[in-house]
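Visitor: The lines below spell out each chain.
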Amino acid sequence: MSVKRHYDREFVRTFFTSPTAVDGEDDSAKMLRSAGQLRGLQAPDVWVPDNEDATAPNMREEGVENIIEVVAEQGAAFPGEIHPRVVWHRESPATRYQGFQQMLEITDPENGAVEHIDGFVIPEVGDIDDWKKADEFFTIIEHEHGLEEGSLSMSVIVESGEAELAMGDLREEMGKPSNNLERMFLLVDGEVDYTKDMRAMTPTGELPPWPELRHNTSRGASAAGLIAVDGPYDDIRDVEGYRERMKDNRAKGMTGIWSLTPGQVVEANTAPLPPKTGSWLLDVGGQEVELDAQDGKQVYDGDDLSLETDGEGGYVLQAGGDRLELDEDELTEELLDRTAYIPSMTDIVDSMEEFEAAKEAGKGAIAMTQAATLVIDGVEVEVSKDRMWDEATYQAAQTPITLFQDVYEHRPDQHEELAEMYGTDIVERATAVGN
Amino acid sequence: MSVKRHYDREFVRTFFTSPTAVDGEDDSAKMLRSAGQLRGLQAPDVWVPDNEDATAPNMREEGVENIIEVVAEQGAAFPGEIHPRVVWHRESPATRYQGFQQMLEITDPENGAVEHIDGFVIPEVGDIDDWKKADEFFTIIEHEHGLEEGSLSMSVIVESGEAELAMGDLREEMGKPSNNLERMFLLVDGEVDYTKDMRAMTPTGELPPWPELRHNTSRGASAAGLIAVDGPYDDIRDVEGYRERMKDNRAKGMTGIWSLTPGQVVEANTAPLPPKTGSWLLDVGGQEVELDAQDGKQVYDGDDLSLETDGEGGYVLQAGGDRLELDEDELTEELLDRTAYIPSMTDIVDSMEEFEAAKEAGKGAIAMTQAATLVIDGVEVEVSKDRMWDEATYQAAQTPITLFQDVYEHRPDQHEELAEMYGTDIVERATAVGN
Amino acid sequence: MSVKRHYDREFVRTFFTSPTAVDGEDDSAKMLRSAGQLRGLQAPDVWVPDNEDATAPNMREEGVENIIEVVAEQGAAFPGEIHPRVVWHRESPATRYQGFQQMLEITDPENGAVEHIDGFVIPEVGDIDDWKKADEFFTIIEHEHGLEEGSLSMSVIVESGEAELAMGDLREEMGKPSNNLERMFLLVDGEVDYTKDMRAMTPTGELPPWPELRHNTSRGASAAGLIAVDGPYDDIRDVEGYRERMKDNRAKGMTGIWSLTPGQVVEANTAPLPPKTGSWLLDVGGQEVELDAQDGKQVYDGDDLSLETDGEGGYVLQAGGDRLELDEDELTEELLDRTAYIPSMTDIVDSMEEFEAAKEAGKGAIAMTQAATLVIDGVEVEVSKDRMWDEATYQAAQTPITLFQDVYEHRPDQHEELAEMYGTDIVERATAVGN
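In order, the protein sequences belong to chains A, B and C. Count along the first sequence from 1, then add 19; that gives the number in the working numbering. Count along the second sequence from 1, then add 19; that gives the number in the working numbering. Count along the third sequence from 1, then add 19; that gives the number in the working numbering.
Bound conformation, chain A alone (with noise of 0.2 Å):
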C-alpha cells in the first residue's frame, strides 16, 4: 500500500465490543473492568468499550465516566488497542454532536484515559460527506487537548447502503488537504442494522448473508490501506458456524471478525492462524471431508465413497452412484483430483525457506511436494502432490505468516500461548522467515 497509514497494525483479528453501563448493577463499570482484565489469546487486538448500543440512552453519560474510569485505570496494562464507541447517526445532528461531546470528554486529559485511547469507533455512518463531519470532530478534539493531528484513529461501523458506496470512494478523499480522513483504521460491516436499512427480510429472521457486502469492504480496505472486520456473529453457542463464518471471511481478504464474547475473542484470535498440524481432505459428494489421521496413514471412514480391488490388480471406486472400475494409474489420479492438503505452520514454513533458499541460489520455480497414503475402507493407496512454487506462489502464501509476525510483534502477551500451541522452534522460525 503506498497509502499513507498513522497504524501500526496491518491485520486485526478480534473486535470486541463490551458493554459500557449495566443498567441496574452496583457497579455499572463491572463487565468494562472485567473486559479490561482479559490477556493472551482471551484478549482482543481491538477491544471497544461500547457506548453505543450495549449502552442504555439514559445511561450513556455514567458510560463516559466509567470509560474515562476504566480506561485510566486499566490501560496501561491492556495489550490490544482500545477504540471507544461513541453514538452517531448520519440523520441526526443531535446523535452527531452527543459523539463529539463523549469523545471530547474521554479524550480530555485532565481525566488521565487518553494516553490508552487509540481512537473512537463510529457507528451509523452514512456517506462520505458523513465521514468527514466525524473525521472533523476528531481533528478539533486534537487541537482542543494538544495531541498530534491525526493521531486518534477512526473506524467506522458499515451499516447503510450509502456507507457501503462511499468506502469506494474513501481511497481519493483520503489525503485531501482539508480532511485527515488519514486517521482510518477499520471498516467494520454491521449487519443487524444493514439488514434493517436495507429493509431485508428473512423468514426465520436470521441476517442474510450478504457476501457481496463484504466482498466491497475488504476492496474498500485494501484500496485504501485499511483493515476490514465482520459484524456480530449472535448465535454464541454456534462454534462451528463462527468458524465457518470466519474461513468464508479469510476467503474474502476480512481478516477479523467482531466478538460478542471472550469464548469468541479466542476462536476469532486464533482461526487466521495456520493449524499446528497439516490435514488432508477427501472431496466426497461434493463435500470436503477430513480425513483422520491414524498411524501416519489419513483413512476415510465415511460410507459415501468406497473402494475395493477387484482381485486382478484393478480397483472398484462407487461414489454418489458412480461405479468407476480403474486400474492403478486411474485410481491415483481420481484420488489426487478428490483430495486437497491443509498444510501446517511447520510446511508454509518449510515451503518458504525452501523457496527462499531456491531463490538465492537462482531458481525462480520449484516443486513442493506433498504426500500421503490414503486408506479408503482398508484399501492403501499413495498420492502425492506436486505445486510449483515461484515467486506469486511465495508471496500469496506468505499472508498467514504476516499476520502471524504482526500478531507476534504486538502481542507479547500471546507469545506464551503461541509456544504452547506450536512450540518454541517453528515460532521462533516463522518470526524470522520472508523478511
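Check the hints yourself; a few may be wrong.
It does not matter which identical chain is meant; a pair holds if it fits inside one copy or across any two.
[Claimed, not checked] Only pairs whose alpha carbons sit at most 35 Å apart, straight line, appear in this in silico DSBU-like list of lysine-lysine: (1) Lys-151 / Lys-195; (2) Lys-378 / Lys-49; (3) Lys-382 / Lys-152; (4) Lys-404 / Lys-49; (5) Lys-382 / Lys-49; (6) Lys-404 / Lys-266; (7) Lys-266 / Lys-378; (8) Lys-152 / Lys-378; (9) Lys-404 / Lys-316; (10) Lys-195 / Lys-152; (11) Lys-295 / Lys-151; (12) Lys-404 / Lys-152; (13) Lys-49 / Lys-152.
It should be emphasised that the hints constitute simulated quantities derived from the structure, not laboratory data.
Once you've looked at the hints, dock chains B and C against the given chain A.
Guide: Just chains B and C, lined up with the frame of chain A:
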C-alpha cells in the same frame, strides 16, 4: 432516509406490466382494459401499461391512444399506482425523442388521463447523464402541462452495465439544482436485456442469476431512498421457483418483483407478508425441511434423518451417514442446532408488543422463547429456543410489519382479503403496533 | 455500445501468456518461438509474450530482444493479435519506467516488430490515475515512433482493490481530452496477485472464487465497451474444472480466459461455441445430469431417480427419499419441470431463421418446441417444451452466434476445424443468420 422523496409508499411488492396493444385483435386495448379492472390481491401496487416491449413497434401510436383511453376510463377506480412504460434507449436519440412524445401525449390534460398517471417507467437507461436526459423531459412536460415540478415520478429499468454503475452515483446527483431527480421512484432490474448487454450466455439459454446486480440495485435504492424491484420471472408455470426467487430477493432488501400475469401478482403481493401460522424447519443434509404440524407437534417424516432410543435412556441419531449416540441433553442440543422457527404474523406482533411493554417498564432487552415438540420416527423431543430482543432486534423484526402497514394504508381494496387471511383481530394489532 | 472503440473484435476467448525467456536454455526464445507457431484452435485470439512474471528479473532485457526477434520473424503469419506484457507496478515508479522503456524498445520501427504489435498488457495497475500514467506512455511512444495516436491498444491486469474500483470510473474517464483511454481493450482479472493484495487466505492455499470481482470486471467491460477476461487456472490437468470455470464466467458475461498451455487454448477457444449436438439435462437431487442419447431417446441410467409403472396406468417416481404416485399427465409435468435442453448450433440457427421469417411475415412472437423421449428405468415418457420467442429472446439467443461470427471473421485459420466440427452447411448458415 433523509433523502427527500416525493412519493408516499415505502414498499412496492408488485410491478405488473401488461401489454398495451395486441396486434390483430379487434379491440387492441382489450388486455389493457382487463388489467385495469383488477382489484384486491390480484391488483398490483404499480401497474405498468407497457408501450415498449409488449407493443409492436408499428402499434405504439395506437398504444398511446389506448393507454389514454383506458387510464381516463378506469384510472380513478384503479387501486394501485399507474406508471406507463414508454420507449427509451441510451444509444438512440430517435427512441428517446419518441419516448418524450409519448409521455407528452399521455399527460396532455385535454386527454383526461393525466390525473391518474403517477409517473412513467423509462427502460434501457444508460449512465447517470442519460437518466438526466429523461428527467429533463419530465420537467419540460410538467411545465408544458401546468403540473407541479417533480410531481411525475420516474422509474427506470436497469438493463446495462452503465445503468448498474449509475445507481451508485444517484444519491449524490439527486438534489443538484440542475435536475429534478428527486422524482425517482423504482429501480427495476431487467435481466433479459441486461444479459444481452453483458453478452452473458448459459448453455440452456436460461437467465443467469445475477446476484451482484440485484445487490447493487437494492443498495442503490437504499442509499437514494428508492425501492428496488426485480425483473420478470419467465417461467410462469413455475410458482415454486417464483417464490424462491422472491425469498432470495427479500434477503437482499429487494421487496418488489415484476409480474407478468395476475396469478404472479397474487403470489408477489402475498409473498412478503408474514405467514398466518408459524412453522418449524429442520436442517436435514444441508437442506431445510418444513416439519408437519400434527396435533400441536412438529413431525419429520422423511428418510434422511432417523432417531431411535437405545433402551437405556440414550438416543441414536443417524443423518447423512453419521451415527450419533447421544444422551437426552446432547440430543436436545443437536436438534436445537438443526431447527429454526418461522414466526407467524401473530408471533411477530406478540413479540413487538411484549418488547414495547418491557421498554416502557425500563428494560432494554428481554428473552423471547419458542418451544416445540419434535417427532422423529415416533420419538418425541422437546426443544425450546431463546432469543434476546434488544432495540436492534426489535427494529429489524419490524420490517415485515412496516411493510404490512404500508400495504394496509395504501391498498384498502386488499383489507377484506387480509382480514380473511389473518383474522381481523391480528390485522388490527398489526396496524397499531410499533407506531 | 456507443463508446468509441479503436479495436475490431467484440469477443476474445483466449488470452495466452507464454514465457518470454527461459533461464538456462541455449535458446532463451525457444518457448516464445514455439508459441508463435500455433495455428487454428491451438492459436489464441490474443497472444501475450510475457516479459513480466514469466521472465526472471535479470532476463528482462534479453526478453525484450527475444520478443522483438520472434515477433518480427513470426508476427506476419501469426493468426491472433499480439500484445506483449511488460512490467508495471502501481507502487513503483522504477518499475513503471522500465515498462515504458520496454514498450519503447519493442515498438521501435527499426526493430521490425512494431507492425505486428497490436498493443501491450499492463499488469499491477492501481487506480484510474495510474491507468492514465500508462496511457500517457503509450501516447508518447506513438508520437516518438510516428504511429497514429491511440493505435496501440492497452489491456490491464486487475490485481488490486483500487484497480477493481477503477473499472467503475473508466467509462466516464474515457474520452476526456487529456487522455487516450479509448485505446483500452481487455480487462483481465489476475487472481493470484489480487488474492495477495486483498490479504485473502484459504486453508489449502487454493485461490478464492472471487465472484464479485469477476462480476465487476464484466460490468466494467460492458459499460466501457471492452472485453472481460478471467485469470489463469492453475491446475492445468483439471480440464473439467477449467470448463466449469468458463461456464460460470460466461454466465457473468466474461467470455475470455487466460490460458497457460496450448491445451488450455484449445479448451478456451471451443468452450463458448454452441455444441454440435443438443442434449437434455435432468435435475436429479439438485444436480443437472446430462442424459445419454441412445437411438434418438434420452436415457437416464443413474440410481438417484427411479420410475416404474404401477400396472394400472399410473407411475411411481422416486427421488431423494420422496415417492410420488402420478398419473400420466402429472408425470409429464413433473419431468418437464426437471428437464432442460441445451440447444445445438443447428437448433439456435434454426430458431433464429424461423423467428426472422416470422418477423418478416409480421409476427412479433412465435412458439419454439423441443421434444424428446425420456427413458428412466426402461419406462418411456414423451416430453415437449414450448418457449415463446420474441425480439428480446431472439437478441439474447444471438450472443453465441455473434461470437461465432466474430471468430469466423477474424480467425480464418480456424475455418477448417470449425467446418469439421459442425459441417460446412451449418457454418455457412451460422455466418449468415442475424445480419
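Visitor: Could you check the structure against the hints above and give me the numbers of any it violates, in ascending order?
Guide: Violated: hints 11, 12.
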